[in-house]
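**Student:** Listed below, chain by chain, are the residues.
There are 2 protein chains.
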Amino acid sequence: MDTYKDILTRAINANKKREFYSQYPEHHKAYPEPWFEIGKEAHASNLNGYFKGLEFGKNVDWIGEEVSPVNLKPLGIKYPAHDSENLIRNALSVKTELKNVPIETRAQVLIDALERIKIRFFEMAFATIHTTGQSFMMAFQASGPHASDRALEAIATAYQELTRYNSDVSWEKPMGKSSITLKKEFKPIPKGVALAIGCSTFPVWNSVPAIFANIMCGNPVIAKPHPSAILPIAIVVSEIQNALNAARISRKVVQLAIDTSNNPITKKLAENANIKVIDYTGGNEFGNYIESLKGKTIFTEKSAINSVILDSVNELPAVIDNLAFAAVLYSGQMCTSPQNIFISEKGVKTKERVVGYSEVIEMFLQSVKQIIENPKIGPGTLASIQNENCFSRVKGVYHSGAKVLLEPSKGERGRTCTPLIVELKNSNKELITTEHFGPIVKIIKTVSLDDSLSIAKNNAEQNGAITCLVHCTDPNLKTKIKSEMEEVFTPVSFNLTGYFWVNQHAAFSDFHVTGGNPAGNASFTDANFVNQRFVWVGHREMV
Amino acid sequence: MDTYKDILTRAINANKKREFYSQYPEHHKAYPEPWFEIGKEAHASNLNGYFKGLEFGKNVDWIGEEVSPVNLKPLGIKYPAHDSENLIRNALSVKTELKNVPIETRAQVLIDALERIKIRFFEMAFATIHTTGQSFMMAFQASGPHASDRALEAIATAYQELTRYNSDVSWEKPMGKSSITLKKEFKPIPKGVALAIGCSTFPVWNSVPAIFANIMCGNPVIAKPHPSAILPIAIVVSEIQNALNAARISRKVVQLAIDTSNNPITKKLAENANIKVIDYTGGNEFGNYIESLKGKTIFTEKSAINSVILDSVNELPAVIDNLAFAAVLYSGQMCTSPQNIFISEKGVKTKERVVGYSEVIEMFLQSVKQIIENPKIGPGTLASIQNENCFSRVKGVYHSGAKVLLEPSKGERGRTCTPLIVELKNSNKELITTEHFGPIVKIIKTVSLDDSLSIAKNNAEQNGAITCLVHCTDPNLKTKIKSEMEEVFTPVSFNLTGYFWVNQHAAFSDFHVTGGNPAGNASFTDANFVNQRFVWVGHREMV
Numbered sequence: 001m002d003t004y005k006d007i008l009t010r011a012i013n014a015n016k017k018r019e020f021y022s023q024y025p026e027h028h029k030a031y032p033e034p035w036f037e038i039g040k041e042a043h044a045s046n047l048n049g050y051f052k053g054l055e056f057g058k059n060v061d062w063i064g065e066e067v068s069p070v071n072l073k074p075l076g077i078k079y080p081a082h083d084s085e086n087l088i089r090n091a092l093s094v095k096t097e098l099k100n101v102p103i104e105t106r107a108q109v110l111i112d113a114l115e116r117i118k119i120r121f122f123e124m125a126f127a128t129i130h131t132t133g134q135s136f137m138m139a140f141q142a143s144g145p146h147a148s149d150r151a152l153e154a155i156a157t158a159y160q161e162l163t164r165y166n167s168d169v170s171w172e173k174p175m176g177k178s179s180i181t182l183k184k185e186f187k188p189i190p191k192g193v194a195l196a197i198g199c200s201t202f203p204v205w206n207s208v209p210a211i212f213a214n215i216m217c218g219n220p221v222i223a224k225p226h227p228s229a230i231l232p233i234a235i236v237v238s239e240i241q242n243a244l245n246a247a248r249i250s251r252k253v254v255q256l257a258i259d260t261s262n263n264p265i266t267k268k269l270a271e272n273a274n275i276k277v278i279d280y281t282g283g284n285e286f287g288n289y290i291e292s293l294k295g296k297t298i299f300t301e302k303s304a305i306n307s308v309i310l311d312s313v314n315e316l317p318a319v320i321d322n323l324a325f326a327a328v329l330y331s332g333q334m335c336t337s338p339q340n341i342f343i344s345e346k347g348v349k350t351k352e353r354v355v356g357y358s359e360v361i362e363m364f365l366q367s368v369k370q371i372i373e374n375p376k377i378g379p380g381t382l383a384s385i386q387n388e389n390c391f392s393r394v395k396g397v398y399h400s401g402a403k404v405l406l407e408p409s410k411g412e413r414g415r416t417c418t419p420l421i422v423e424l425k426n427s428n429k430e431l432i433t434t435e436h437f438g439p440i441v442k443i444i445k446t447v448s449l450d451d452s453l454s455i456a457k458n459n460a461e462q463n464g465a466i467t468c469l470v471h472c473t474d475p476n477l478k479t480k481i482k483s484e485m486e487e488v489f490t491p492v493s494f495n496l497t498g499y500f501w502v503n504q505h506a507a508f509s510d511f512h513v514t515g516g517n518p519a520g521n522a523s524f525t526d527a528n529f530v531n532q533r534f535v536w537v538g539h540r541e542m543v
Numbered sequence: 001m002d003t004y005k006d007i008l009t010r011a012i013n014a015n016k017k018r019e020f021y022s023q024y025p026e027h028h029k030a031y032p033e034p035w036f037e038i039g040k041e042a043h044a045s046n047l048n049g050y051f052k053g054l055e056f057g058k059n060v061d062w063i064g065e066e067v068s069p070v071n072l073k074p075l076g077i078k079y080p081a082h083d084s085e086n087l088i089r090n091a092l093s094v095k096t097e098l099k100n101v102p103i104e105t106r107a108q109v110l111i112d113a114l115e116r117i118k119i120r121f122f123e124m125a126f127a128t129i130h131t132t133g134q135s136f137m138m139a140f141q142a143s144g145p146h147a148s149d150r151a152l153e154a155i156a157t158a159y160q161e162l163t164r165y166n167s168d169v170s171w172e173k174p175m176g177k178s179s180i181t182l183k184k185e186f187k188p189i190p191k192g193v194a195l196a197i198g199c200s201t202f203p204v205w206n207s208v209p210a211i212f213a214n215i216m217c218g219n220p221v222i223a224k225p226h227p228s229a230i231l232p233i234a235i236v237v238s239e240i241q242n243a244l245n246a247a248r249i250s251r252k253v254v255q256l257a258i259d260t261s262n263n264p265i266t267k268k269l270a271e272n273a274n275i276k277v278i279d280y281t282g283g284n285e286f287g288n289y290i291e292s293l294k295g296k297t298i299f300t301e302k303s304a305i306n307s308v309i310l311d312s313v314n315e316l317p318a319v320i321d322n323l324a325f326a327a328v329l330y331s332g333q334m335c336t337s338p339q340n341i342f343i344s345e346k347g348v349k350t351k352e353r354v355v356g357y358s359e360v361i362e363m364f365l366q367s368v369k370q371i372i373e374n375p376k377i378g379p380g381t382l383a384s385i386q387n388e389n390c391f392s393r394v395k396g397v398y399h400s401g402a403k404v405l406l407e408p409s410k411g412e413r414g415r416t417c418t419p420l421i422v423e424l425k426n427s428n429k430e431l432i433t434t435e436h437f438g439p440i441v442k443i444i445k446t447v448s449l450d451d452s453l454s455i456a457k458n459n460a461e462q463n464g465a466i467t468c469l470v471h472c473t474d475p476n477l478k479t480k481i482k483s484e485m486e487e488v489f490t491p492v493s494f495n496l497t498g499y500f501w502v503n504q505h506a507a508f509s510d511f512h513v514t515g516g517n518p519a520g521n522a523s524f525t526d527a528n529f530v531n532q533r534f535v536w537v538g539h540r541e542m543v
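Chains as they are written, first to last, in my numbering: chain V, 1 to 543; chain R, 1 to 543.
Hints in this document: simulated from the structure, not taken from any laboratory.
Incorrect hints may appear among the rest.
If several chains are the same, the list does not tell them apart, and a pair holds so long as it fits within one copy or across any two.
Here are the simulated DSS-like pairs of lysine-lysine, each with C-alpha atoms no more than 25 angstroms apart in a straight line [unchecked claim]:
no.	residue 1	residue 2
1	16	173
2	40	73
3	349	369
4	296	276
5	403	346
6	457	346
7	187	478
Based on the sequences and whatever the hints tell you, model everything.
**Tutor:** Put into structure tokens, the structure is as follows:
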């Protein structure tokens, strides 16, 4: 049986090494077989009722408006809602208590929380399916093991940083024949109450790094999910509360803030002077507003326009299949989804010949169709559309005048839509430089690799990019491409084929968002992600 | 003979331990005896001429307006001045070159620079005396060994952070019977051109951490000194350039930006979109402007109102003597100078008795007088006033209606002024909450320790504090005071007597400024101080 100390030590080592590491296996078959049914039943019993297991005290109301994108039925779950002042008062009331919890204990409690969450991975998968529209596989992995690995990565990074200096020091300064001795005490002081604002597509994965990092650093957290995707993170918060409670620490260290789309409370919370740290995942407009707030430490992940550049390949079909899958997976609703695919009018070089531009496009369209028209693979890969707004974005691009290469079609069951694929030219500036989150793929016909690279680079710098996929077999060109994209702080993935897609970012290895371009100012999970949540204070006393 | 690797390794260890450590002994007698005369002569030969040893190319002008605060004579030194566009163009031209210099080499070159600077410590001492007005002892220590230790601390912290992850990684993900392998490359990418804006009182000490951290992180630096205190940092910059040149790296990696008080160029530089990182030391007004600039990483040290609280002591005379020295040292022109001294009307507890408020004041005034009237100690302790504006601040407080306890007096030789000491009450809000940089000490009569603590705490939170000195012998009260001041991110020094003063902040041990209150957002030299200067980018390639 692993102790929390073993888990922590391995995670710290993994952080440095950045090789493959996972505490929570991603495959659902790695977990006891009955867990699937247990999780399914637990989910069913959550529906149409009052969510159990959240500390609430005197909540003002029970609210909830989630609707399953899969069957369009309301989940019917009501959550205990507090007004923002009450949430902040609660958080403030446990500030000193949490500050006084030793770092070791904080790590222990949070790893205990992860072990409790693990038992509910399957329940969380169903919760995620019916709030985000994801397939079972993605919902299980993203909200379960992948999120928990990322949370553990945050715990480990924070542990390392919080224990980085000797805490009790005897400082003896030689002064010729005598000396002066000061006793010094170095303490990482938490910044204050934190707010973690979640998104609707990855309500757990994108929120747990902030929640766990904050508690490690001593900041009580208010987790504010998107009103359409509460259930998965509600389970997480309740299990953290259970772990806190088991360690005799107040459950108020982490609270869930519930609101509705008609009566949002996020701004009220964010603007409150007692909120000192904010983590935000979501669109640009609200993200820019959050970043403009004064006197707070802000971590954001906003819009990203991820580019793909096809230049030269070994096996074109393998490349096209990999790209088609990456582009249609979860209907483009990942922050890492590729959106702008750049192909030079000169075509794509292969070992045997140069494949013409039109032929490449045709292969891509065929590959996409093979996925979406396959009754076994298609629905699970496309999954459902989380938000109705996606349809208006599809319509907007469809009617923009861009050449339509693949017609989108709305599905009959649930909220689904096959991807719209359009062809753009360099002159379609606005479409190229705008994120169209959802099932929209843009193929951009350029005059050369340099042209493709220049547009992609400029776009990353101006509008943000989280990742970039490049197919290129020339070592000198690869070096050049890396160097260019580094200038706009965008990592490049080269030559992906087979069962690994550009959308994937693994805990303990891939930093998620670099923090260097408009896609966001924070990075999961570098040292900045935790160090900015506390302040070193060093007291001294003469001996 | 130490190799740079030995020096670096010891500095990294010292950073973690935070015990006493110094690479450059602070006592001038630790250096070869002839260095004093050599330095003095070198300084004399700098006067009334064109400053030698700075890379300049086609500089637009030779300018300089420094005047010695000690003898009020112009130094007559002209420095090569470039317009801001030219400086930025130069910096941009070496961006890629510096980015490609390996981390090891950067550390080696910068430690070589420190070793070259060491040889000019005495020359820098005279340069510092005749620009800042400091005494020889302070000028030697602050600009020489103390600054170099702080620079080395920055090199070591940056080295640790830049090498924190494995750079070339084979990431192999098991997939049942097969596996997927990605080659990954993790690179710390420099943020871009940096600007280091210096202050007039500690032109070297406050600037070298930023300059050295930036070069370590790969950011070309433009050092912008205060026009009245150029010479000391000009020497530093020229020696860094020499070290770069010896390693066949362009001197343009660090440049000196010269201007005059009538034609300042700092805003032009700061607002240029190519400036990505700014470090600033100086007053609040300009500091707030710097902090308001968008799209840049900003590190500031601004105003601070440092409090002293006298509650209970073992030996009152030793306490009073220590405090008097701290308060008058360099005429209060240190960012760590104590300014607000809180004494309860109930007096100060000693082992034998409670010493009444008036008696404590009297002792303090006597102790101050003993220092300033002592012909051997006084002038060197008070040193000179760097800036004429100090006199108007003295006048302002003098005529504010506050009760004057000690009359200030302007000296006859050079620009000097003995301290003005006033008594305030809680009702004198504006005087209590305003920094009056210079020879001004405020004694604040409160009703209790709680009252003192509450005003000091509130002041730190609202107006900033870098340090706080408390005399208290009760362990429970000490714990409470620490806890209260931690909430406003202000370190407390307890019970200092003898040859250690609250003004002192030692490299490798005391973090300078916590970054948690309005005194500044940066801290010498925690991990944030370097990590925010670069961005991690991780490339991947399928194997």
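**Student:** Does each hint hold? Answer for all of them.
**Tutor:** Status of the hints after comparison with the structure:
Taking identical chains as interchangeable, the C-alpha atoms of residue 16 and residue 173 lie at most 25 angstroms apart only when they sit on different chains, with a minimum of 17 angstroms there against 35 angstroms within one chain. For a Cα distance limit of 25 angstroms, the shortest separation of residue 40 from residue 73 inside one copy, 17 angstroms, qualifies, whereas the shortest one across copies, 85 angstroms, does not. Proximity of residue 349 and residue 369 under a CA criterion of 25 angstroms is satisfied intra-copy only: 24 angstroms inside one chain copy versus 85 angstroms between copies. For the identical chains of this complex, residue 296 and residue 276 are neighbours both inside a copy (5 angstroms) and across copies (21 angstroms), given an alpha-carbon limit of 25 angstroms.
Taking the closest pair of Cα atoms, residue 403 and residue 346 come within 25 angstroms of each other only inside a single copy of the chain (19 angstroms); across copies the shortest separation is 85 angstroms, beyond that limit. In this assembly of identical chains, the alpha carbons of residue 457 and residue 346 lie at most 25 angstroms apart only when taken from the same copy (20 angstroms versus 68 angstroms across copies). Taking CA atoms no more than 25 angstroms apart as the test, residue 187 paired with residue 478 passes between copies only; the shortest distance there is 15 angstroms, against 45 angstroms inside one copy.
Of the numbered hints listed earlier, not one is contradicted by the structure.
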